[in-house]
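Chain by chain, the residues run as shown.
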Amino acid sequence: MTIAPENNMVDVSFTLNGKLVDVSVSATDRLLDTLRYDLRLAGTKEGCGEGECGACTVLLDGLPVNACLIFTFQVRNREVQTIESIDAHELEEFHSEGATQCGACSPGVVMTALWIRNHPSLLQTHQLSRLMAGNLCRCTGYDAIVKSLEASLSIQERN
Amino acid sequence: MLRVEARSKLTGREVFIDDLPAEDIWWAGTVRSSLPRGRIRDIHFGSGIDWSSLIVVDHRDIPGPNEVQMIERDMPVLAADVVRHVHEPIVLLAHPSRRIVRQAVQAISVTIDPDEPMLDFRHPPTPQQIQYGSDNVFKKLKIEKGTVDEALAAAPIVVEGEYETGAQEHVYIEPQGMQAQVENDVLVVKGSMQCPYYIQHALMHALNRNEKQVRVIQTATGGGFGGKEDYPSIIALHAALLAIKGNRPVRLIYDRQEDMAATTKRHPALIRHRTGVDHHGRLLVQDIDVLLDGGAYVTLSPVVLSRSIIHAAGPYHCENVRIQGRVVLTNSVPFGAFRGFGAPQSQFANERQIDRIAHELNIDPVQIRKINLIKDGQTTATNQVINDGADRIQVLDRAIDLAEYHDRKKAHEVFNVQHPTLRRGIGVASFFHGAGFTGSGEVQLASQIHIHGRPDGILEVRSSNVEMGQGALTVFTQIVAERMAYDQDYIVIVAADTSVVPNSGPTVASRTSMIVGKLLEQACDDLSRQLNGESNTDGTALKDAIIRWHHIRPDQELIGKAQYNMPPDIHWNDLTYEGDAYSAFAWSTHIAEVEIDLRTFVIRVINFTAVQEIGKVLNETLARGQIQGGITQAIGWALLEQCHWNNGSMQNNNLSDYVIPTCPDVPPIAVEFLESPTPHGAQGAKGIGELPMNGPAPAILNAIAQATGADPRSIPLTPEQLMETLLT
Amino acid sequence: MQVLLPQTLDEACTMLAESQGRAVPIAGGTDLIVHWPCNIEAHQKAYLDISTLDELKFITLSGDSLIVGAMTTFWETITSKQVESEFPLLVQSAKEIGSVQIQTRGTWAGNIANASPAADGVLALMAYDASVTLISTHGTREIPLHEYFLDYKCSQRQPDELIHSFCIPRRSFTFDYFEKVGSRQAQTITKVGVAITNSSSGWRVVANSVAPMVRRCYQVEQLLEKKARIQQPDDLLAALDQDVSPIDDIRSTAAYRRCVLSRLIYYALREHCPWYS
Chain S
1 MTIAPENNMV
11 DVSFTLNGKL
21 VDVSVSATDR
31 LLDTLRYDLR
41 LAGTKEGCGE
51 GECGACTVLL
61 DGLPVNACLI
71 FTFQVRNREV
81 QTIESIDAHE
91 LEEFHSEGAT
101 QCGACSPGVV
111 MTALWIRNHP
121 SLLQTHQLSR
131 LMAGNLCRCT
141 GYDAIVKSLE
151 ASLSIQERN
Chain G
1001 MLRVEARSKL
1011 TGREVFIDDL
1021 PAEDIWWAGT
1031 VRSSLPRGRI
1041 RDIHFGSGID
1051 WSSLIVVDHR
1061 DIPGPNEVQM
1071 IERDMPVLAA
1081 DVVRHVHEPI
1091 VLLAHPSRRI
1101 VRQAVQAISV
1111 TIDPDEPMLD
1121 FRHPPTPQQI
1131 QYGSDNVFKK
1141 LKIEKGTVDE
1151 ALAAAPIVVE
1161 GEYETGAQEH
1171 VYIEPQGMQA
1181 QVENDVLVVK
1191 GSMQCPYYIQ
1201 HALMHALNRN
1211 EKQVRVIQTA
1221 TGGGFGGKED
1231 YPSIIALHAA
1241 LLAIKGNRPV
1251 RLIYDRQEDM
1261 AATTKRHPAL
1271 IRHRTGVDHH
1281 GRLLVQDIDV
1291 LLDGGAYVTL
1301 SPVVLSRSII
1311 HAAGPYHCEN
1321 VRIQGRVVLT
1331 NSVPFGAFRG
1341 FGAPQSQFAN
1351 ERQIDRIAHE
1361 LNIDPVQIRK
1371 INLIKDGQTT
1381 ATNQVINDGA
1391 DRIQVLDRAI
1401 DLAEYHDRKK
1411 AHEVFNVQHP
1421 TLRRGIGVAS
1431 FFHGAGFTGS
1441 GEVQLASQIH
1451 IHGRPDGILE
1461 VRSSNVEMGQ
1471 GALTVFTQIV
1481 AERMAYDQDY
1491 IVIVAADTSV
1501 VPNSGPTVAS
1511 RTSMIVGKLL
1521 EQACDDLSRQ
1531 LNGESNTDGT
1541 ALKDAIIRWH
1551 HIRPDQELIG
1561 KAQYNMPPDI
1571 HWNDLTYEGD
1581 AYSAFAWSTH
1591 IAEVEIDLRT
1601 FVIRVINFTA
1611 VQEIGKVLNE
1621 TLARGQIQGG
1631 ITQAIGWALL
1641 EQCHWNNGSM
1651 QNNNLSDYVI
1661 PTCPDVPPIA
1671 VEFLESPTPH
1681 GAQGAKGIGE
1691 LPMNGPAPAI
1701 LNAIAQATGA
1711 DPRSIPLTPE
1721 QLMETLLT
Chain P
2001 MQVLLPQTLD
2011 EACTMLAESQ
2021 GRAVPIAGGT
2031 DLIVHWPCNI
2041 EAHQKAYLDI
2051 STLDELKFIT
2061 LSGDSLIVGA
2071 MTTFWETITS
2081 KQVESEFPLL
2091 VQSAKEIGSV
2101 QIQTRGTWAG
2111 NIANASPAAD
2121 GVLALMAYDA
2131 SVTLISTHGT
2141 REIPLHEYFL
2151 DYKCSQRQPD
2161 ELIHSFCIPR
2171 RSFTFDYFEK
2181 VGSRQAQTIT
2191 KVGVAITNSS
2201 SGWRVVANSV
2211 APMVRRCYQV
2221 EQLLEKKARI
2231 QQPDDLLAAL
2241 DQDVSPIDDI
2251 RSTAAYRRCV
2261 LSRLIYYALR
2271 EHCPWYS
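Protein chains in written order, with my numbering: chain S, 1 to 159; chain G, 1001 to 1728; chain P, 2001 to 2277.
Some hints here could point you the wrong way.
The calculated lysine to any residue pairs, modelled on SDA-like cross-linking and capped at a C-alpha distance of 20 Å, are [claimed, not checked]:
id	chain 1	residue 1	chain 2	residue 2
1	S	Lys147	G	Lys1245
2	P	Lys2153	G	Ser1656
3	P	Lys2057	S	Gly62
4	P	Lys2153	P	Asp2031
5	S	Lys147	G	Asp1657
6	P	Lys2095	S	His119
7	P	Lys2095	S	Leu63
8	P	Lys2081	S	His119
9	G	Lys1245	G	Trp1051
10	S	Lys147	G	Thr1621
11	P	Lys2081	S	Val25
12	P	Lys2153	G	Asp1657
13	G	Lys1245	G	Asn1210
14	P	Lys2081	S	Leu63
15	S	Lys147	G	Met1001
16	P	Lys2045	S	Val25
17	P	Lys2095	G	Pro1664
18	P	Lys2045	G	Gln1106
Read the hints as simulated data drawn from the structure, not as lab findings.
Extracted from the complex, chain S is given alone in its bound form:
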């Protein structure tokens, strides 16, 4: 299949937060652009546009990725999960430990953190802090984020 000529629109179907969506987007659009400006899901933030800050972290087929570094056409027939799928009650420890300050990095932080929480075996081969290294936070100094995640993991373990 070819998308042509230049700047043509492309139809892309993918699963977004459990629902099938069809969008018609420019070939040059990044997943981040499509989520924010076409689908009006503005929870995913743009912090740098270069895959450094992680504010645009979403899950693609269950793995954290930067939505600023993926063309929308690359997620055709795949599964995308964004912060809009997350309910506040899943985040009580993040609330009580003070894991958010300005809130700009938080959606990305939460997506990575919940991915770690849902795959605790990762911590057998990875340090928690290194798994979180792709999410820059300029406010908290990370301690509250790490403590929230640890609390969240231990609550999950008890249950």
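Fit chains G and P to the known structure of chain S by using the hints.
This is chains G and P only, laid out in the frame that chain S set:
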């Protein structure tokens, strides 16, 4: 009390400026200067763009004076004839397609005839480089106490030192952005900001509008750190000019690269010390020279310099002190407000100097601080008598205990002898930070705050101080809840909208909780008085009383008000720079432990302890978050964050080449608070937002000096620089 | 912008051939899409999206070699027990590439194709004597990785060729070492890095960010083969100066890179080689 807006932030529901619906928006872009200094000869609109489809604005479209209203009015909204720095805005564009705007910006070429730029603030300008006054000096200030020259001549030991600190980029995670539109002749500007009224005043001035014709609304602000104090006025003006000319809603969002290249940064500094001490390490005389790089325009530099020199001698008592400060023009992108506002630079120098004196005298670095820390009844450099009941030696002692300083130091000495390539060290810094505007600044601000008792019984706080991550919404809610014994569910803090809220001043200078919070308490009391003291009962009765009040007086407003008045016991002389510079200081000691890899010269901070006396802890979680976050930002400034300059423009304007700390870069940070309430702050609290920026850099470099025997005096201390220090 | 979306590898090769090599293959996109909205020039090109080709996603351990498909991500390697136990440097280097968010998208082929002098994956691959298999409508060819790069961001791959896979011979290694020095603890671009192995085929010393491309340090390897007496890091400098040519740039200095590279190698081997000092 937990952060009131945390859930909406954690789940991405908080609405930042670029999260607003964008269907009818025109996107804006900025054409900028490519040279640091010169005269604009030609602006060429290239081919391949349908220019008639764009809104195009230049300096001729400015209805009022082409001036950005700040402390001075030297900065043009858009360069007209001359440019004074790279990235200076010249032409503005807007179009419904963001992509076309980007193409159009690149299609414009501006021809500039170059003039000789002034690029190194450390050297005096040549006559050709003079662009401000007769000497390029934006501001010169002096503090003098005692007889410095005589004391220096008489001192048994004089230690000299020269220290340098680099620029620092804020890296708030939400880049700057504004949206403007005209609604029934009212210009409405929304966006990411710290100071709604600064922006309103800038818009009124350059656009020739009165205050009713300009409405500024803060949207959720994703970090500020000072970076959204002065610069948003410029972005607001640009968005507004396009919106007015095109009669369209216009959104101007900087991407990260543009934000890092074009907006302000922390002032670079060069600081010289001459300190006279006796053989015990007692400070006899401090002679300090502070030189700041102001960049191309004045911005906030005079007040940055003021705060810098007031803090330059540290939290120590010394009879003879002279501090001379200058901030000078260079053709760099202008420097501006950044957390700490000059104090981190000058206290970095002072705390390295104190350690170097201790080293020279072979005294323990803890001991020299103990000898000299201000005791109640003694004075600061401005002759401000400190009598706040806070025990600065206790702060230091507590930090020493908490960090197990002496045991760790011994352990490191043993480790360093045994390990082939790793070296460990531990370092101390004691420092202070004055909260609120300097001297008579708060009187000039004359901040006002309102609290409305609404007919539905809800208490509504109206303030121009914004939430930007620091917790203002939560602290204000908490202050009202505690003052009025009110259920927090019935308290709202309205958005900072200049058509609704009074001017309670800018959200800067660690003033919001302390100064504005105190005003809020007074406004609460005013409201209670109007209810005939019914607030003395519990909150439920008060709520009923408010509802009853409205029942009796339909169509009337019940408003508790307060306005700042200088407390009678505070005296400041702006001409001699003498007196009570701040109504309260927070005091702190930081202890850093570092590990240096002699193979790679990589420096890791492995442990950090922060003890601070802050009057009263209003909210422990928020306060700890401020301290830990500030320390992390300061670790970045000390070790990682280096701006590479060319022609006064940052070359590494992206987050892979300008590196800020990631999660694994941050050590465990132990935080402990001591409390000695001040009568000038809400519930006795002092400001803390900037405080933690002051200590880490000197504590870390002191630790590095101890670990390696090096004598580093400039930051950022990168591995490359440490290598040079150690190998040469 | 023109985008070609092949369903199969065959189709991908045909599309690339028909585009006369104009189309740029996209894998994870973690280099290409950086600052994408402002990179207007790149919007005018044609792209061949091979990121979804399952035929190029595999990790096969055969009798004598490990073969990894071009579109295998770093994350897929990191989580592969087989790879970790036999070729730990692949996992160590993959873990140091960007963040998890980059590792889940970034591919080995992308790391090779980008031909950056700072490529961490290439460093480990070269220390394992990997070879690259290229495929086009004309067939396949295999090139040893240490001969693959020609200059800064320049390789032997022709515009109509795709990277199909890389192959590492299985050997028993008596030594393996990887270290990356960046400007912070994680998610950082390499300022100087080194990978070292020793097997029946001899020493391999590979360095990155110290030359226009990732470099085998042949002179240093010879010193090790000869069991030359090396008493301090500086004793390596003469050999290193023939092997690498570090520069000053925005990330570091030539002096730092040279000095640190000698120290990394010296200390990596000090404990291991009794003849060393």
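Does Asp1657 (chain G) lie within 20 Å of Lys147 (chain S) when you go C-alpha to C-alpha? violated, 29 Å
Please verify whether Lys2045 (chain P) and Val25 (chain S) have alpha carbons no more than 20 Å apart. holds, 17 Å
Take a quick look at whether Lys147 (chain S) and Lys1245 (chain G) sit within 20 Å of each other, Cα to Cα. Measuring from Cα to Cα gives roughly 51 Å; hence the hint is violated.
Hey, Lys1245 (chain G) versus Trp1051 (chain G), does the alpha-carbon distance stay inside 20 Å? Holds - the C-alpha atoms of Trp1051 (chain G) and Lys1245 (chain G) are around 15 Å apart, at most 20 Å.
Please work out if Lys2057 (chain P) and Gly62 (chain S) have their alpha carbons no farther apart than 20 Å. holds, 17 Å
Within 20 Å, alpha carbon to alpha carbon, are Lys147 (chain S) and Thr1621 (chain G)? holds, 12 Å
Lys1245 (chain G) and Asn1210 (chain G): Cα distance at most 20 Å? With Cα atoms ~18 Å apart, Lys1245 (chain G) and Asn1210 (chain G) stay inside 20 Å; holds.
Are Lys2045 (chain P) and Gln1106 (chain G) close enough, with their CA atoms no more than 20 Å apart? holds, 18 Å
Holds or violated: are the alpha carbons of Lys2095 (chain P) and Pro1664 (chain G) at most 20 Å from each other? Answer holds: Lys2095 (chain P) to Pro1664 (chain G) is near 14 Å, not above 20 Å.
If you draw a straight line from the CA of Lys2153 (chain P) to the CA of Asp2031 (chain P), is it 20 Å or shorter? Cα-Cα ~13 Å, so holds.
Does Leu63 (chain S) sit within 20 Å of Lys2095 (chain P), going by the straight-line distance between their CA atoms? holds, 15 Å
Against the 20 Å threshold, does the CA-CA distance of Lys2153 (chain P) and Asp1657 (chain G) hold or violate the hint? holds, 19 Å
Against the hints set out earlier in the document, violations occur for numbers 1, 5, 11.
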